[in-house]
Each structure stands twice: as C-alpha cells, then as structure tokens.
Amino acid sequence: MEPDVARPMFDTDELVINMGPQHPATHGVLRVVLKLDGEKVVDADVVIGYLHRGVEKLSENRDWTQIVLLTDRLDYVASAAANLAYVETVEKLLSLEVPRRARYIRTILAELQRLASHLVWLGSHAMDIGAVTVFLYCLRERELILDLFEEYCGARLTYNSMRIGGLPQDLPPNWDKKVLQFCDIQLEKLVEYETLLTHNRIWLERTKGIGVISAADAIAVGLCGPPLRGSGVVRDVRKDEPYAAYAEMEFDVPVGTNGDTYDRYLVRLEEIRQSVRIIRQALGGLPEGPVMAKVPRLIKPPAGETYHANESPKGEIGYFIASDGKSTSPYRLRVRPPSFCNLQALPQLVRGHLVADVIALIGTIDIVLGEVDR
Amino acid sequence: MIDLLVIPLIKIVIVLTGVLITVMYMVLLERKVQAWVQVRLGPMRVGPHGVLQPIADVLKLFVKEDITPVRADKVVFTLAPIIVLVPAIIAFAVIPFGDQVSIFGKPVPLHIADLNVGLLYIVAVASIGVYGIILGGWSSNSKYPLLGGLRASAQLISYEVAVTLTFVSVILASGSLSMVDIVTAQKANGVWFAFVQPLALFIYFVGALAETNRSPFDLPEAEQELVAGFHTEYSGMRFALFFLAEYANMIVVSAVATTLFFGGWLRPFPSVAFLHFLDVVPTWIWFVVKTFLVLYLFLWIRATLPRYRYDQLMRLGWKVLIPLAIANIIVTAAVKVALSD
Chain S
1 MEPDVARPMF DTDELVINMG PQHPATHGVL RVVLKLDGEK VVDADVVIGY LHRGVEKLSE
61 NRDWTQIVLL TDRLDYVASA AANLAYVETV EKLLSLEVPR RARYIRTILA ELQRLASHLV
121 WLGSHAMDIG AVTVFLYCLR ERELILDLFE EYCGARLTYN SMRIGGLPQD LPPNWDKKVL
181 QFCDIQLEKL VEYETLLTHN RIWLERTKGI GVISAADAIA VGLCGPPLRG SGVVRDVRKD
241 EPYAAYAEME FDVPVGTNGD TYDRYLVRLE EIRQSVRIIR QALGGLPEGP VMAKVPRLIK
301 PPAGETYHAN ESPKGEIGYF IASDGKSTSP YRLRVRPPSF CNLQALPQLV RGHLVADVIA
361 LIGTIDIVLG EVDR
Chain F
1001 MIDLLVIPLI KIVIVLTGVL ITVMYMVLLE RKVQAWVQVR LGPMRVGPHG VLQPIADVLK
1061 LFVKEDITPV RADKVVFTLA PIIVLVPAII AFAVIPFGDQ VSIFGKPVPL HIADLNVGLL
1121 YIVAVASIGV YGIILGGWSS NSKYPLLGGL RASAQLISYE VAVTLTFVSV ILASGSLSMV
1181 DIVTAQKANG VWFAFVQPLA LFIYFVGALA ETNRSPFDLP EAEQELVAGF HTEYSGMRFA
1241 LFFLAEYANM IVVSAVATTL FFGGWLRPFP SVAFLHFLDV VPTWIWFVVK TFLVLYLFLW
1301 IRATLPRYRY DQLMRLGWKV LIPLAIANII VTAAVKVALS D
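Order-wise, the sequence lines are chains S and F. Per the numbering used here: the first sequence = residues 1 to 374. Per the numbering used here: the second sequence = residues 1001 to 1341.
Every clue listed holds true.
Capping the alpha-carbon separation at 25 Å, the derived lysine-lysine pairs in DSS-like fashion look like this: (1) S/Lys-326 with S/Lys-92; (2) S/Lys-40 with F/Lys-1143; (3) F/Lys-1319 with S/Lys-208; (4) S/Lys-300 with S/Lys-326; (5) S/Lys-40 with F/Lys-1319; (6) S/Lys-208 with S/Lys-189; (7) S/Lys-35 with F/Lys-1143.
Away from chain S, derived, C-beta distances all over 12 Å, residues of chain F: (8) Ile-1002; (9) Leu-1004; (10) Ile-1010; (11) Thr-1017; (12) Gly-1047; (13) Ile-1055; (14) Ile-1083; (15) Ile-1090; (16) Ser-1176; (17) Ala-1194; (18) Phe-1269; (19) Val-1288; (20) Lys-1336.
Hints in this document: simulated from the structure, not taken from any laboratory. We put the beta carbon where it would ideally sit given N, CA and C, even for glycine.
Build out the structure end to end from the sequences listed, making use of the hints.
Okay, structure coming up:
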C-alpha cells in the first residue's frame, strides 16, 4: 500500500491558549492569546481594553484642576509621577514659573514614587518567577513609603499630590528626617533582595538571555524607560530634558548591555540606588520659600497646544494638551503612557520562548493596566 | 489470631490517623514557616495562633460544592485524586517508625510490615501516583490542566530514575532491601548512611523535591504559569485529596530519607558509648524528630528559591543527577568489592 504522503506523521496542530484575563499572573485585566507548539510560544497576541475608563475623553469635561485626580488613576502604582507630568504640562501651557522649593519637593515625591513603583515591580516579577518571599520583603519597604505619602497628602495610593503652580501644602514637620531614615533602611534592605536573587543560579537561568531585544529594535518598537536602558540606550528624560529640580541633581543613568531580562532587573535595582541618592541631595539642598505660585482661581490657558514628557518609573510619560483658550477644560488631552508603548514589544519578546518565560517577560516590562487602557 | 490480625489492624489505624493528622498540621506548619520567613504572622484567627486552622480548612473543603466540568470524563475525573492519594498512604506500610517495643510483655515491632523488598515496594507504589496526576490533567478536558499533567508526568518519571538509582547505592552499602535491615545495618556500621553516601543523599533530596512537586520544581502546579496545573478544574473534597496526597508524599519521602540516610529510629551517633543516656528517649521519637527536620528543609527551600523552568528542570534531571547517581553506584560498588577482598 502506498503511504499517504499528504498526511503528516504527527498531529502538529498549534494549541491556542488564553492567558488571561482570568489568570493569576496577568494582573487581572490583560489577555494574551498564545499560540503554542508544545510549550514553545509560536506567536502571541496582546488584547487590552479591560480597564478602559475613557480618561482622555473625561478630561474634556473636567476643569484643569480636576484632571489631576484622573491622572492618579492612570498608573495607580505611581500616581505622583503621573500627577507631576500633567501639572508640568499645564504649567508649560500657562508659562508659569514654579517656586524652587516646590520643584525640589516634587523631585523628592517623584523619586519616592519611583522607589515604591520599582519595589512593586521587583516583588511581583520575582513572585512570577516563584520567589514569593521577595514580594513580601518589597511590600514591607513600600509600606514605609506609603506611610510617608500618607503623612504628606493623606492618601496612600491615589495621591492627588500636585497642584498646577506648585503643591497643595508644605512638608509636615520632621518629615524630611523620616525620609532620610527610610533611605538608610531601603539601601540596607536592597542588599537583602540581592542576596535572594542577583547571584541565585535559578534566577540567573530564568532571566539571562530571556527576551533579548537589541538597542535598534528597542528604539524601533518604541520602548522607553528601564526596558530601553536595559538594551543599552542611554535615554532618560530626567537627564535629557530635565524638569522639576533634576537639572540641579547629580545622578547616573544605569544602562544594560545584553538587553535581556536580567539586565533590565539590574538597571531597575541600580535606579533604586540612584533614586535614594537624588532624594538625599534634594533634602540636603531643600530651599526655603513658598510652595505655590500665584495662580488664578479659574485656570484658563491661552489657546495653543503643547507636549511635555517626564520620566515615570515605567518610562517616558507624556501629555499632549490642546487648549482652545475659551473653555475651562482642555480641548483635547492625550496621554502617552509608557506601559502601553512597552507592552507593544511583548509579542516580539516572547516569540520562541516557553510559557514560563511569558510570565517573566510580562513582569520585566513592568506594565500597569490602568495606564495601558486609560 | 492476635498477632496476625488484631495487632496489625491496630497499627494500621494508628499510622493512618497519625499520617492524616500530620498532613493536616503540615499544611499549617507550612503556612506558619512561610509566614515567619516572610515577616508575617500566618494564620492567627482560628484558635490560639491558628492551631485549629487545619480543622477549619477541612470543614470548609467538605462543605464546598464539588464541581465536575460538563465536558470532563467523569469516571476518570473522580478516580484520579484517589489514585494519587492511595499510593501515598500505603507507602507507610513498610516504614519502620521505631525499634521493637514490648507491650504487656509482648514484643511488638513498630512497623506494619517488614517486606524483604521494602525499598522496591516504595519505588513501585510511589510510581503509581503519577497516573493519577496525568489522568486528572487529561480528564479535566481543559488546556491548563493538560499542560500541567504533561509537565508532571515528564518530571516525575525522569526524577524517579535518579531517585531509584540512589536507592541502589544505599542497597549496596546495606546489603538489604528491607527497610528494617537498612536501619540495623547503619547501627552495625556505627555511622549513618548520610556520611557514607553524601552524594546519594543530595541526589535523593533534589529528586524528592521534584517528585513531590515542591519548589523549586513545582512546575506542574506553577500558579503563575498554569493557573493551578493539573488540579485547576478540581474543587471541594476532590481538590483536598490532591492536596492531602502532596503532603502525604512529602512525609513519605522525608520518612524514607530518614530511614535510608539518617539512621531511622537510631539516636545520633549510634556507636558512641558515652551517649547512652540518649537511649532513654523512645526510638520512635527520634524517627519523628528527624522526619520533621527533613520536612522543614522542604518548607525552607520553598520560601527561598525561585522556580526552575521546564526545560532546565529536565536538563538538570537527565544531564546532571542521573549521571552523578550512576557514577555514585559504580564508586560504591568498587569500594565495596575492594573492601571485601
């Protein structure tokens, strides 16, 4: 009997599997459709929109001050960073000069926020790879940051901590000492996380050479923030287009060489150290003076449009705002969310890796779905 | 009649209840140890320091709705957890918990059965459990359980080879397959096999971690990857059976490790004469203490290490542990031959 040549020897169908939205590792609101060949990922398709709340459209019906509240809910792990980028954009539109003390305090808040965000990232990333203990250690230190924020602005997650023209209030008494104390604790505990991970053989095997993206590819796909720097591109908005008080601060921009998950991990850990350095400098040189500029009660920027970007913990967060000069709310507000831009790289990163790596890679690009979906 | 039926039955009842209670409290101990490592308190609400938590857990699982997915293969789906749990429990039949004791002047050995192929029996029984896992994953008729089941079968089979090979070197050292004889051989030797066969102990322990699906080899149920692995679709008491089996297996492998490598019921340094006062402690207490120390290692490792990836795990098993185990057998055999001449 003639063998049936048209029929393949094995059943080689690809298995299509839904990772999320109901999946313990996809933050509840991300869906990744994976095409699997055995356990190998042939292709991945990211489906977003589960947390869409229409922040951009809502902004067109809120007045300029109210929008700060909406920005809280973008990257809810780092709301102060989103606040800061927004108020600076409006200040740019208004050509408003912000008092120096306010700029310093903003820098401190933004860097504390970076620490908090990176701690959440490190914890959840490590937990996704199976090191649950690191997660709880990280949240322990983040708790201290939340306490500091609570003392400053009363909130623990959605801070609403910036105002157009400055800050809602000056620092509470002794707050600076507590921050310095926290800085010491953080550096000490960082060593603890590193003991558990940095030279751990299993951690190395799980992160080295996983999700490699070259510098050129990273730029082409529009990566920003730590994932971009992990590929060796020196780009940090804080250095390149300084805002707040960053022009007066001294800090290094860590970059990786291989562009893999391990390098992105090292870059973020070093950023934690640099953040502590910036906070110490800013507290040391904290100028006296008011924390709020003279701003009219009803803000009505002149007609025009502008774009302004900040370095949020996730990457470059930018706002494009158009004002028609007549109404008390923006004509159009567009957010450039770093998580959204970084998430685009996911299919490229996971192709050819195993299911287990998909989880590690979702972790390594550090997304917050509130910001992706807006 | 008494020797043949009553005493073994009493022993079986004692061992069975003992094992099940230990399993329940292992779950609590695991949560507590994890919590202490992670600067938390762990369960604190049910009873003082949460000591009644296991009872609450079991009650909860009993009253939970037991769901069978519509498209599951019902017979196999029901059978799978039983196939996993039963071998885990019957393996205790050959474990010697202590030396012979005399009750009312009657000598009673503290084990249910002393098979002359006890070690072989353990290997045979332990390998049945994997069928339950594969069948459970397959019969759920769902994608994640299927992937979990596949991973589990590959992992268990490959690590069983390494573990069984370490048994061979222990058999060479003791000259017997009977669990009781292995312990008495360690007494005659005057030193635990942990010191005679350190490499075998290491391979056995790593293999045991993998065989019981424990971190860092807990891939079949890696919750961040495969939701819950092979038991994703299970709920209620059937889920509880898988859960019990996992912990029962942990106790089995720890008890086997104690018997083979840590001198079973023997006191530390069995040949050192001036430590005779330690003989006051009943032998089974030594056994329980040693087993719990091994179990504690399992928990400690889980709290410390990240998880291996599937392919790395297979590589470690086939390319590192199995060759090492074979080399260990050859060296052991050569030394034995050289000494006997």
